[in-house]
Amino acid sequence: AQTVTQSQPEMSVQEAETVTLSCTYDTSESDYYLFWYKQPPSRQMILVIRQEAYKQQNATENRFSVNFQKAAKSFSLKISDSQLGDAAMYFCAYRRVDFGNEKLTFGTGTRLTIIP
Amino acid sequence: NAGVMQNPRHLVRRRGQEARLRCSPMKGHSHVYWYRQLPEEGLKFMVYLQKENIIDESGMPKERFSAEFPKEGPSILRIQQVVRGDSAAYFCASSPSTGGNLHEQYFGPGTRLTVT
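As given, the protein sequences belong to chains A and B, one line each in that order. The first sequence begins at 1 in the numbering used here and counts up by one. The second sequence begins at 1001 in the numbering used here and counts up by one.
Where hints are given, some of them may not hold.
The list that follows gives simulated cross-link-like pairs (lysine-lysine, DSS-like), each with its CA atoms no further than 27 Å apart [unchecked claim]:
#, chain 1, residue 1, chain 2, residue 2
1, A, 73, B, 1044
2, A, 73, A, 55
3, B, 1071, B, 1051
4, B, 1027, A, 70
5, B, 1051, B, 1027
6, B, 1027, B, 1071
7, B, 1044, B, 1071
8, B, 1044, A, 78
What the hints contain is simulated information worked out from the structure, not anything from laboratory work.
In isolation and in its complexed conformation, chain B is listed as follows (with noise of 0.2 Å):
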């Protein structure tokens, strides 16, 4: 059973650039989560979706950040016109359910980006 795959690993874009990142969630998951982790320091929520829904998008910068999970295909995070303070890496994490109960999230290996 193939675990939560995130793609590119690493990725390097210059400034003004767009970067798109993917996440293709475990089997049967249908719930997807997006942290980002700037260096030494911890994970930072951005976004909660389900299939075709953004359920809590708290941690999203106001602008250049969008998060899309479609029915159909992995979901993907882009950044428009990035700047250098967006280096950092992110995660993706996938759970089967909600509603209160403890379910784990279980993370991708993440996308190291670089902008230069």
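Only chain A is shown next, with the shape it has when bound in the complex (with noise of 0.2 Å):
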């Protein structure tokens, strides 16, 4: 079975600043997607950036990167000039490609603090 790790249950950023958030995984399958959620106190799931397996380029939206290391089996998340509302819980997802196992398998989630 696949499973995601994220082993900082809590980051602090002083605004303006960059931060990066870590995710491990495991799986046996060779094509898959990985995926950064952002959930903030409206609990809301809201995408933030998402990465396809098979592409060796790490994918950006805005502020935000990924590091994308497929032999490592790593996923962070960096985000560049942090401003005020990014605070949230962020969650790195996995999902396999095959039809019928669209699940998203998600990590515990690490909670992000902006310091104004």
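From the two separate chains plus the hints, produce the assembled complex.
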């Protein structure tokens, strides 16, 4: 079974600085998808960024980028120029590619605090 | 274009009562997923449904829990004879298609169930 591990329960960063959230996963599959979701106090799950495992290029969405290391099964999220609105729980998630296995497997999350 | 709708947003039940949680997917989406989030934990997959079919229920507890997605109307997650351990946030997500393609799961705002 696939597992997703987030080893940092809490992180904090000064406003405007850069922070990196860690995620590792375990799978025997060669093709899969990885995601970072943000959950603010409203509890709404918001997709931040996604990565297809067959793509070597790291995904980027504005201030958010990932460092995808397939051999190491590592998928970290870098947030640049941190803003107060980035404060939230961040969840790493994995999904298989094949039909009938679209369920997301989530890590336990990292609570990110932004210090003004 | 309305997003995924869930109701009620908050539900309080006494031990032994039944809880019914509803999810209306986004327009044009025919696939629904239910996840449960216990306090201070990540989301855990429960069940994946298409119209009138359960595709994957590997995350559903064997007893008291059931889910349906009828041809007409919302998807329903039903919990019979609730216990305090059922207190959690229940999230619904929908997607437009499957087949191994990368299609984002769009999450609803969740239903917070409290069992007293």
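Run the distance test for residue 1027 of chain B versus residue 70 of chain A: straight-line Cα separation, threshold 27 Å.
36 Å, violated
Given the hint that residue 1027 of chain B pairs with residue 1071 of chain B, does the C-alpha gap stay at or below 27 Å?
14 Å, holds
Decide if the proposed pair is consistent with the structure: residue 1071 of chain B and residue 1051 of chain B, CA atoms, cutoff 27 Å inclusive.
At roughly 6 Å apart (the allowed maximum being 27 Å), residue 1051 of chain B and residue 1071 of chain B satisfy the hint.
For a C-alpha distance cap of 27 Å, please report whether residue 1051 of chain B and residue 1027 of chain B respect it.
Since the Cα atoms of residue 1051 of chain B and residue 1027 of chain B sit roughly 13 Å apart, the hinted pair holds (cutoff 27 Å).
Pairwise hint evaluation, residue 78 of chain A against residue 1044 of chain B, where the allowed Cα distance is 27 Å at most:
Holds: residue 1044 of chain B and residue 78 of chain A sit about 25 Å apart, inside 27 Å.
Between residue 73 of chain A and residue 55 of chain A, is the straight-line Cα distance small enough, at 27 Å or below?
OK: residue 73 of chain A and residue 55 of chain A at ~14 Å, within 27 Å.
Starting from residue 73 of chain A, check that the Cα of residue 1044 of chain B is at most 27 Å away, please.
21 Å, holds
Against the 27 Å threshold, does the CA-CA distance of residue 1044 of chain B and residue 1071 of chain B hold or violate the hint?
Holds, because 26 Å separates the two Cα atoms, which is no more than 27 Å.
Checked against the numbered hints above, the structure violates only hint 4.
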